[in-house]
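Now for the letters of each chain:
There are 2 protein chains.
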Amino acid sequence: MSAIEITKEFIEEFIQLIEQRNEAELNPILEKLYPQDIAEIFDDELNLEQAVYVASLLESQKKVDVVIELEPDVKLKFFQGYSAEELSSLFFSYMKSDDAADILNNLPADLSKQILRKIDDKEHSRNIASLLKFPENTAGALMAKEMIKVKLNWTVKRCTDEIRRQAESLSNVFTAYVVNDYDELVGWVSLKRILLAAESRTVEEIYDDNVIHENTYTSGEEVAATLKKYDLVALPIVDAFNRLVGRVTFDDVLDYMQDEAEKDYQMLSGISEDVESSDSVWLLSRARLPWLVIGLIGGIGSSLVIGGFEEELRQNVQLALFMPLIMAMGGNVGVQSSSIMVQGLANNTISSTGVVAKLGKELLVGLLNGLVCSLLLLAYGAIFGNSQKIMLTVSVALLAIILIAALVGTLIPLLLDRFKIDPALATGPFITTSNDLLGLFLYFIIGNLILGM
Amino acid sequence: MSAIEITKEFIEEFIQLIEQRNEAELNPILEKLYPQDIAEIFDDELNLEQAVYVASLLESQKKVDVVIELEPDVKLKFFQGYSAEELSSLFFSYMKSDDAADILNNLPADLSKQILRKIDDKEHSRNIASLLKFPENTAGALMAKEMIKVKLNWTVKRCTDEIRRQAESLSNVFTAYVVNDYDELVGWVSLKRILLAAESRTVEEIYDDNVIHENTYTSGEEVAATLKKYDLVALPIVDAFNRLVGRVTFDDVLDYMQDEAEKDYQMLSGISEDVESSDSVWLLSRARLPWLVIGLIGGIGSSLVIGGFEEELRQNVQLALFMPLIMAMGGNVGVQSSSIMVQGLANNTISSTGVVAKLGKELLVGLLNGLVCSLLLLAYGAIFGNSQKIMLTVSVALLAIILIAALVGTLIPLLLDRFKIDPALATGPFITTSNDLLGLFLYFIIGNLILGM
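Those protein sequence lines, which keep their order, are chains A and P.
113 is the number that this note's numbering gives to position 91 of the first sequence; each next residue is one higher, with no gaps.
169 is the number that this note's numbering gives to position 147 of the second sequence; each next residue is one higher, with no gaps.
Careful: at least some of the hints might be erroneous.
Where chains are identical, the list cannot tell them apart; a pair therefore holds if satisfied intra-copy or between any two copies.
[What the hints assert, rightly or not] Below, simulated DSBU-like cross-link-like pairs (lysine-lysine); rule was C-alpha separation at most 30 Å, straight line:
#1 Lys99 to Lys85
#2 Lys442 to Lys155
#3 Lys84 to Lys442
#4 Lys251 to Lys155
#5 Lys383 to Lys285
#6 Lys173 to Lys99
#7 Lys30 to Lys144
#8 Lys99 to Lys251
#9 Lys54 to Lys135
None of these hints come from the bench; they were simulated from the model.
Work out the full structure: start from the sequences and follow the hints.
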């Protein structure tokens, strides 16, 4: 709940004020609005000219905070309202290094270079440039260079002065990191502790030398897991020589976690790009089509498998009745097994070792569930008087496909993970399609054996 | 990366030291270990007697921090090592109110009452009791009562004193909330600002009256979304009279978001309880069986649908060849549409209104993808010389089922949401099964029409 509720009426009035260039009334409204809310209005309601005008009314820091929050495509469009010089002086000079690096990564390389070159504060532009070199999804790419660094022999008074100097423009300051003369990370001290300590005490007397940290090359998943496990508001990042080079804050991890969860969810749903229901029809179609084509190819494959047994099918048309059951169950079990593996791998609760034990367990689960389902099916057949041989075929095939689907669903994510491919690929349409083929093949083989007797 | 790496060898030595009751060597190790790491060792490696002994070596606050981090079942087992009095004095007296309420909610009601009654600090026990009354998944149930409250007319000096008094045992102190004489929330001031202000200034001079907050009855989703959107490290919670009653911190939201993402993911995968791959075979089976039985019933339903067309099938056995294709495509499209709705509803990017527009869009996406897939299929048929009438049947049915699956996949989550049922129920096996039935029915109806011509 923020101070101004953004209703349709509010938006209409707001746009009217913009069209009238009514600064006197706009200024107090803009002051009350949070950057995130202004960004949403930019995203959904304003054209470029209106957005540039509103931005011109905002003070430097708020202007930057708004821009950071814009949707990526809106951000690119908004930047077209400015020259490279203006982008440097109005936006990138005031931006936290990690935000700046994120945005520059998505701009044309030429424009990025121009902007970087035109930032007056050379240390700031060097900081941003140094972040650009880290591979995606590493701590180095997630971290910001801005933070409070203090030295062991400093007094609390000097820390406060330093925080005043370093932190005036820095939000989310909760912790100061302690370094030695070689800039190596040796500990941390909370802002609370500094606030409560006498001014004459030294950092050495009040700091904690037990400091959780990660390296620049640590993966994003691990950074998120560490910050979450230890309930840290920020995680210091060191380079290969243990020198403090940056920090990742909780808000970056919140964003990262949501992105990752959405990616996995979409993968499981058979949607290949990051889309939202508000995206265009074209984008939505394109994100789904690849998976549908995989399904189509799988379906054609299935028709070839069944075609190979056309003669058997002609003699026992009833076999066709239970094809859907076999397929559906194989698909369901495969998705269950694979998604539990994918989650386990994502949470680091499974290692690639101990595969045999995992497999054994999944097979046991499959056996248990398969037996229950097969017995239920036999009971159904007995009660409703279906052909006994057909029902025996279906039950045996059901048990077999449940076991095999559990096996495939467990193995494929583990294999992908071992080969450093995102195991989430193995969930959704991919696993369903391969289990359909396997299941139908098995079904007819078993049918052949039982019905041919 | 924490100070001590927990390897197999470390665990072996550690347990040996416990068995020898070697306090002299254990103490420095325990001091270096984080509560989260000790909790993991309790979870996986120690028996009750060993755990109680190790706990007896920890100082009060760390003992509590370890217990909070234990797995729920381990926590319950661990508590059996203590009497109700000991639980009160050793653990619950030092526990943050929200952690205490969470744990008490999962203990037998009798034991909970005894523990609450035996807490010496009556204000603390009242705080905990007041949290127990909030419905699950509301801000009230997520919040903690502990926080820093300051008044408008206080000086910075008085704030510091108050923080010293209130916050000595309180971790995660980053912000002080400002209240008026009626205890109503009127603003906030960051610890950084207090640290940097002169001691003689008043809160009124340095505070920010623009304070984002939520009500006790706000849903957990909204709390998480607000904290995330505004990058807040903690979100103050007010009651119906705007009185400040608690705060939700970022670490609670991190846990909440991960739980929700896992729940949705498991729902989509057809797993009904929160299980991990490390759980027992029995638990894993039980979590999956309900969905498999739904699949089984769906499969039997499919067999009845197909059975109704047995004569047609006998005359055109080739129709059976493409049943899997129709089913797989209906299933894939249904899951795609439903999961995009479920994500949209979870992120609040869709409202239940504007349903017609959403439907129109999904149908357009379906039409586009359906046309592409049907044309691909016709081309395949033409190239490989399949029966033209069969391929026409399959293509028309494919287009129809893609459209209908998109419709069903969009409508059901919206309907469930409107009736306050978790829309995630509509993803996974549920939607696949109903689309299988619909798809097969349509397929044979269309086959009848085209082949009967």
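* Asked: Among all the numbered hints in the text so far, which are the ones the structure does not match?
  -> Hint check: 3, 6, 7 and 9 fail, others pass.
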